[in-house]
Amino acid sequence: MAVKAVEMVRKIRNKHYEDTKCLSVDEQIQLIRGKSTKLKERLKKRQRSTTDNTRHCAQ
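The opening residue of the sequence shown carries number 1 in my numbering; numbering runs sequentially from there.
Just so you know, these hints were derived from the structure itself, not from any lab. Any given hint might turn out to be false.
Said to hold, decoys possible - Below are the DSS-like pairs computed for lysine-lysine, each with C-alpha atoms no more than 27 Å apart in a straight line:
(1) 15 - 38
(2) 38 - 21
(3) 11 - 21
Sequences are here, hints too, so could you generate the full structure?
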């Protein structure tokens, strides 16, 4: 199965454009910061669960 990277990137860029085309610069910044905060929370949860699993395995 071949990965169509150019096509995939184009779809992502088109979606981002559609999501932000009516937003002001300040609104775009708020959107990105909100997404960043959500991602950081998800990564912290994942890191905690991974850390918890390794503690049980080490004992």
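Against the structure, the hints come out as follows:
no.: 1; hint: 15 - 38; in the structure: 19 Å, holds
no.: 2; hint: 38 - 21; in the structure: 22 Å, holds
no.: 3; hint: 11 - 21; in the structure: 15 Å, holds
Consistency note: the structure conflicts with none of the earlier hints.
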